[in-house]
Amino acid sequence: MEVVQSQRKSSSNNVIVSILPLYRSAPPLEVRLEDFEFFAIDRLRVLKGLSDGLCRGKKPEEMEKLVLDLWKANMRHPQAVEEVNKDIISHFVLRLVYCRTEELRKWFLSMETTLFRHRFRWGSSEAQRALMSEFKLPYKAVSNAEFESLKDKLGQVARSMGQTLAAADAIFYKVPFEEVPDLVAGRRVFIHKGHAYVAINQVVSLVVTQFRSYLSKALILTNRKWTSTIREQEKDRLTPIVEALCTSYLGPDYSQQQEFGEISIKDIDQVAKTSFPLCMRHLFEKVKEDHHLKHGGRMQLGLFLKGVGLKLDDALAFWKAEFAPKVSAERFDKEYAYNIRHNYGREGKRTDYTPYSCQKIISVTPGIGDHHGCPYRHFSEENLRAALVRMGVSSRAVEDVMDKVHNRHYQLACTLTFEAVHGSSCDAGINHPNQYFIDSQRVLQSKNGSVA
Amino acid sequence: MTKEQADNGRDDMVIDGPGQANAVPDEFNANYLRIYYGKLFPHADMFKWMSYGNDGKHPGCDKSYFGRREFSFTLENDIYIRFQSFNSVTELENSIKEKCPFKIDIGPVYSVDPAKRHAYAQSGDNVFTPVERELVFDIDISDYDDVRYCCTGADVCLECWPLMTIAIKVIDTSLRDDFGFNHILWVYSGRRGVHCWVCDGKARRLTNEQRAAIADYFYVYKGNENSHKKISLPGLVLYPFLARSYTEVLKGFFEAKLLPNQNLLASEERYEKILEMIPDASVASELRRRWQENKRASMSKDDINIVRWEQLKSILQSGKQKMQGLRRCVEEIVFSYTYPRLDMEVSKHMNHLLKAPFCVHPKTGRVCVPIDPNNCDEFDPTTVPTLSQLLEELNRGGPRQDAENEWDRTSLGESVTIFRTSFLQPLLKSCKEEIENSYNAKLQQSKNALSW
Chain A
1 MEVVQSQRKS SSNNVIVSIL PLYRSAPPLE VRLEDFEFFA IDRLRVLKGL SDGLCRGKKP
61 EEMEKLVLDL WKANMRHPQA VEEVNKDIIS HFVLRLVYCR TEELRKWFLS METTLFRHRF
121 RWGSSEAQRA LMSEFKLPYK AVSNAEFESL KDKLGQVARS MGQTLAAADA IFYKVPFEEV
181 PDLVAGRRVF IHKGHAYVAI NQVVSLVVTQ FRSYLSKALI LTNRKWTSTI REQEKDRLTP
241 IVEALCTSYL GPDYSQQQEF GEISIKDIDQ VAKTSFPLCM RHLFEKVKED HHLKHGGRMQ
301 LGLFLKGVGL KLDDALAFWK AEFAPKVSAE RFDKEYAYNI RHNYGREGKR TDYTPYSCQK
361 IISVTPGIGD HHGCPYRHFS EENLRAALVR MGVSSRAVED VMDKVHNRHY QLACTLTFEA
421 VHGSSCDAGI NHPNQYFIDS QRVLQSKNGS VA
Chain B
1 MTKEQADNGR DDMVIDGPGQ ANAVPDEFNA NYLRIYYGKL FPHADMFKWM SYGNDGKHPG
61 CDKSYFGRRE FSFTLENDIY IRFQSFNSVT ELENSIKEKC PFKIDIGPVY SVDPAKRHAY
121 AQSGDNVFTP VERELVFDID ISDYDDVRYC CTGADVCLEC WPLMTIAIKV IDTSLRDDFG
181 FNHILWVYSG RRGVHCWVCD GKARRLTNEQ RAAIADYFYV YKGNENSHKK ISLPGLVLYP
241 FLARSYTEVL KGFFEAKLLP NQNLLASEER YEKILEMIPD ASVASELRRR WQENKRASMS
301 KDDINIVRWE QLKSILQSGK QKMQGLRRCV EEIVFSYTYP RLDMEVSKHM NHLLKAPFCV
361 HPKTGRVCVP IDPNNCDEFD PTTVPTLSQL LEELNRGGPR QDAENEWDRT SLGESVTIFR
421 TSFLQPLLKS CKEEIENSYN AKLQQSKNAL SW
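Going down the list, the sequences are from chains A and B. Heads up: the first sequence runs through residues 1 to 452, numbered per full-length UniProt numbering. Heads up: the second sequence runs through residues 1 to 452, numbered per full-length UniProt numbering.
No wet-lab data here; the hints were simulated from the structure. Don't be surprised by glycine CBs; every beta carbon is placed ideally from N, CA and C. Certain hints may be false.
[Said to hold, decoys possible] Heads up, incomplete: computed chain B residues facing chain A, CB under 10 angstroms, no partners named:
1) G180
2) L206
3) Y219
Let's have the full structure, built from the sequences with the hints guiding it.
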């Protein structure tokens, strides 16, 4: 990106073209140590803000505005050169911070890609075209004349996908059909005599896909470099900054119980009724009913209970007692105890497993006989309604929840459930079952003045 | 097909005198085949085709091209030999005459002569891998067994063959108009289907991913085992290719031919299959009720299928139907009966071997002759020349001095002519142009490189 300087000088006289870097290579710039940290923190504010916006299910127009506001507030600089430098430096610093585990990489990739998508869209068409040629995408803009002659067919294609040809989409690019196999396969583009006519939002998609795939690979390489050389080399200078950046800004992972210390076995039944989110309630009810849970359910509920504060010995006693009608004590010790100890980091490679976040739980697909996963996603409408009613959700609130479910906003559905059950709002939205638990306990404690 | 073979001097098939004495028992055997390969199989035309203009006459020709093409032979007794390659038309011809294969398949053009493949690795730098291969399609009428009642399995008659005809029309039009291909060869597979060879340079150089995209473009299937409907056409309107296929080919064929010829609505068993495809149970019941009442009496002299189809259409297409699923129901029914059913696997991979045109089908004795897509309505699979028929025709002509173009004496002559005029000659012309242009471009490039 050393060409940054000369690009600015040679750019045309009019409006500052927001140059969207592709972060292909680390910049050969000198950075002051404070800037190293501050730039990263500013960018992190943007990414975190984005993340929150997405969790809250903001509509696309709202997101556009949010991204713009966040960028202006944290990354703008009166001098374009400085802005671009900060952009690039902060990105590369955060790469170091977020390359180190799979979950961190996933989050960073997701946020950076979203940020890129929005910045690409708000760029001018020249800027967009420039980026497309950087990605070596052989797209040609469709002339007005050609567009007029094809308008009917383009509209037909849009309507066949349940969309309309809005004025904003009047920008089309022409490209050999073999360059866009996915769009052709899905019949999402009009093709004629070997040319595909790609709408601007599809172009964005393609460009963003390229960006994402590149960054994904780059993060893996960065991780390798970090573990093999950088971390050691920089242990007195950058490494402490990098490690601090991560833990102070990512949401808590609930691997250490914070406020409520321990929950003992006799408390579980009670807190399950009042403070468990639906997914865990369901698993809990099922284990009581069936005296068994399959592996997926045991993991999801078991780790959740660990996060809630159940100690290992109590956990072993809990599961053993629940399984007792079907599993003898010896068989339990032989077949199930090991895994529970493993979850608590007492066996094998001693990883202290973290309880699953909503994102992870939503993404699984329970099979026959499974009860894990996210009920808002996996339950039939009938079953979900019944479960919500059993939780004490009013019929009006049930409709609101179902509305979110139909739009596939499962976490928002859970948030609304929380609000309905507790009678208080949950501004941050539910991202993690243990967060639901803690927030619930907090609300109840402030109401009753005691731990439920 | 297993009649006794007469053992007396096979080469001496020619008997003086016309009529009965020339009769050749209708069978398929190696001796007949030998004569076929000796006198009728168009070796030189096949060579010209497979050379794609690389006949050495132009300095830009790639002399290794033909030699890098894989052929495979299935010999008598099902012995199968792969990776056959030849460096000249003579080698090709001699090998075929000598080995007398019951089936010849054509594979891809590889990076190196297949005979030398063992010297090359499967990955890394020095690789044995396909580099060119025609885009091919295979349509088999046995895939339509659920919608034809006149035949099943390998049988074909003039009532159901038109399903192949319309498949040709739909796919051929799309390959030309949508994808911009020009050099397309359609071939009768010898028994129950058709093959399509798309031979444009661009087509030959498509990757597997791009081939899969084209196959998916042609694929119209819902694939839900819970649904009786196998085709789903969502969206407010049909995608242009589907709309065109419907209005230009499928609708007319279904209403005028398939519906009455296959009696699709005449009996309960048959009309139930169509009623099952209507997502609105009340509409289906209404029609069922009407048709059960009218079992015997026909109200008019019109075909009962057509009368009932009109009733069905008028209910489904009346403005009263608001239900989402009914919007395209009529089209979906027509599509599920008539839309081409391709074998996807054949098209998706470069290394798929496909039977060569002008082979003789061992089970029917019929020659795999080209079908002119502009006249495909006229094609009649029951009158395609058979091996024994051709030999009989040869006999009738008596011995000739001129060994060239013996096919002109037989019914095969017409097919060879079609092959040459509608396919081979335009293809070779285009190939020559391509070779010249590419050569000139390279010359220009090297000139530019040298220029100061």
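Okay, the hints, checked on the actual structure:
no., hint, result
1, G180, "3 angstroms, holds"
2, L206, "6 angstroms, holds"
3, Y219, "8 angstroms, holds"
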